[in-house]
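Novice: Given chain W, put chain L in place with the hints provided.
Take a look at the letters that make up each chain.
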Amino acid sequence: MNSTTGLSVRAVASLPGFTLDVGWTVGPGFTVLFGYSGAGKSLTLATIAGVMRPQHGRIRLGERLLFDSASQTWTPPQDRRIGYVSQGAQLFPHMTVRRNVEFALAGVPRGGRAERVAELLERFRVSNLADKRPHQLSGGQRQRAALARALAPSPDALLLDEPLSALDLPIRVEMRELLRQVQRELAIPVVMVTHDLYEACTLADTLVVYSGTGTVQTGTPRELVGEPATPEIRRLLHAIELPASVLEKRNGSDARIIPIDRKEHVA
Amino acid sequence: MSAIADIVFPLRLSVQVALAATVGCAVIGVPIAYVLGTREFRGKALADVLVTLPLVMPPVVTGYYLLLLVGRRGVLGALTKTVTGTAVGMAFTWEAAALASLAISLPLAVSTARSAIAAVDPAHADAARTLGRGELQTAIFVVLPLAARGIIAGLALAFARAMGEFGATMMVAGNIPGRTNTMAVQVFNAVLYGDWQQATVLVAVLTVTSAGLLLLASRLTRAVAR
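These protein sequence lines map, in sequence, to chains W and L.
Using our numbering, you'd call the opening residue of the first sequence number 1 and step up by one each time.
Using our numbering, you'd call the opening residue of the second sequence number 1001 and step up by one each time.
One should not assume that every hint holds.
[Claimed, not checked] Label-pair distances were calculated between CB atoms; the ranges are:
# : chain 1 : residue 1 : chain 2 : residue 2 : range
1 : L       : Arg1222   : W       : Asp79     : 35 to 43 Å
2 : W       : Ser245    : L       : Arg1222   : 47 to 55 Å
3 : L       : Arg1222   : W       : Gln72     : 42 to 50 Å
4 : W       : Glu119    : L       : Ala1118   : 35 to 43 Å
5 : L       : Leu1216   : W       : Glu119    : 37 to 45 Å
Treat the hints as calculated values from the structure; they're not laboratory data.
Here the structure is a predicted model, which means the values were calculated and not measured.
Just so you know, even glycine gets a beta-carbon here, dropped at the ideal spot from N, CA and C.
This is chain L alone, in the form it adopts within the complex:
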């Protein structure tokens, strides 16, 4: 691979992985954030811990759990073996990298979206109900739009975190050049092979993207607080 390709492929892969993880955060994380932000229920503290856990655990540990889940010798493998006769896993694919990034960035998306949702005056949701709208419509037309900036901020943070994911990605997606070497993984490779120039370019791109997304998220959340 040429020097340019060594940078372009990981960059493209990381964007693809981060986009997929962010979509995952929106689909899974926003409903979780809605429930945590608007409801009181038994076991809420436990649910809270489960969602937040990947934020404080070493990513390698989260990656290990994911490997147990989607590896050929894991849950997914056992399931596919009973159904089709052959064990199929999704470890060491770009999808596995996306899953790793999703697990690691989900807590960021959920916690930011959750505070924005909890900050919406419950009187608006009450009003929607007294006007004949059920739970789902109240959420979609009233509460989520009013929390939109915070939700987008959370997704921006999730995207930034997903772009640079390393530990969990290495565990579950590995380090396969041309397949699963995301930017962070490629920084590791570049340093390993003494290619400091490549490492510097990748690091610069990651730093600028993260800083930009953080800035965007803080602007959005500041507008929420106002």
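Isolated chain W, as found in the complex:
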């Protein structure tokens, strides 16, 4: 694994009624967080994005230490250079698609912005919707515009919280392909949360499975489906029959089991 471009997360956060306690390390490819609802997958994304601060842990993206409770290190979200498409509010409802994307380009000199916006809108096939408001778009169009916006500042990583769950099947298939392409083109770590096992296994270079019992298992889909670490993970991964093609060997990491109570993550 290329540790200089990977992402490692160790986060412990006590919230009313829920305790997040996870740790995993992944390479620069496409990572999918999969598991039961309420296991803390979305919260993990929020801590990586920096919109939620855990009490303890350590988050590192490539060479950059974004959070470390031991040394009181904390990079605020606006300085993290991490694209984050959250589940709830994807676009600013009071701005057109164009304004939404422009908003993300504060760091780009004014002269270059229009060109960059045009390029992004073109890339995500929303050029013809540039002057529309989010409520005038379909679910798929909104997702493509949200991706354009999240990628506008050229982030070092991209986080996607169930980006496809609200979409109709044909659009989902198309979006999956788009997400794979984006990851390959940009070669940055992409971390996506999903509840859909088929989607998880088709997209993931590395699968991170959150079981309900405080264990996280990391590996390629084939490795995890072949050797689930716990009965819960087996139940999760064998819920549906997956076509063999889905589990083709991809360049992921080695399978590892990281018990939740470990104080250090595996580097």
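Specialist: Leaving out everything else, chain L in the frame of chain W:
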């Protein structure tokens, strides 16, 4: 003063006072509402009480505090005396009336704006931050525009309340004909001198304005709730 002037001057003064108080509410109240609506901090309950206090206290009491603050024998007087040698107060001026109206109407502006700001999905503010925008820009470009209707509703309520302010105004601005006799004060004068016709006209104007502004505010807040 002719009968018409007895109505026109207080009307003009009240509009001027209410406009100044509303601008004050926007400048002071919106930042307060933003902090109360988006942050948790120690002493928040106390801050909340302080902002809301003028809403439940008798306006005369608020007016008394303001007099202590800006009167010649108050804090302002003492300050100006140490700096310039002469005590200067701003009591019994139209500015004092505006200050009284500001203090009384601020809680309305803050509470309405605050609920609108708190109702904005925090995911939008989070998104703005992850896109590289700091606190101030997130507030100005994302959160406040999304709460705009509620903020305007709060300011409309504040304006309506300021238009008819009486108790605090009497205390700190007094009842000086041609200077500080706002509409509500003039209603009091008219009744005192038995000029029921004048009182009726002023009361009608105040009632219609208040009702109109309330209607506007409720339309704006209903759109927020939707």
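Novice: Each hint: holds or not?
Specialist: Each hint, compared with the structure:
1. Arg1222(L) / Asp79(W): 35 to 43 Å: Since Arg1222(L) and Asp79(W) have Cβ atoms about 40 Å apart, the given range 35 to 43 Å holds.
2. Ser245(W) / Arg1222(L): 47 to 55 Å: Distance hint for Ser245(W), Arg1222(L) holds at roughly 54 Å.
3. Arg1222(L) / Gln72(W): 42 to 50 Å: 46 Å, holds
4. Glu119(W) / Ala1118(L): 35 to 43 Å: 38 Å Cβ-Cβ, so the 35 to 43 Å window holds.
5. Leu1216(L) / Glu119(W): 37 to 45 Å: About 44 Å separates the Cβ atoms of Leu1216(L) and Glu119(W), which means 37 to 45 Å holds.
Of the numbered hints given earlier, the model fails none.
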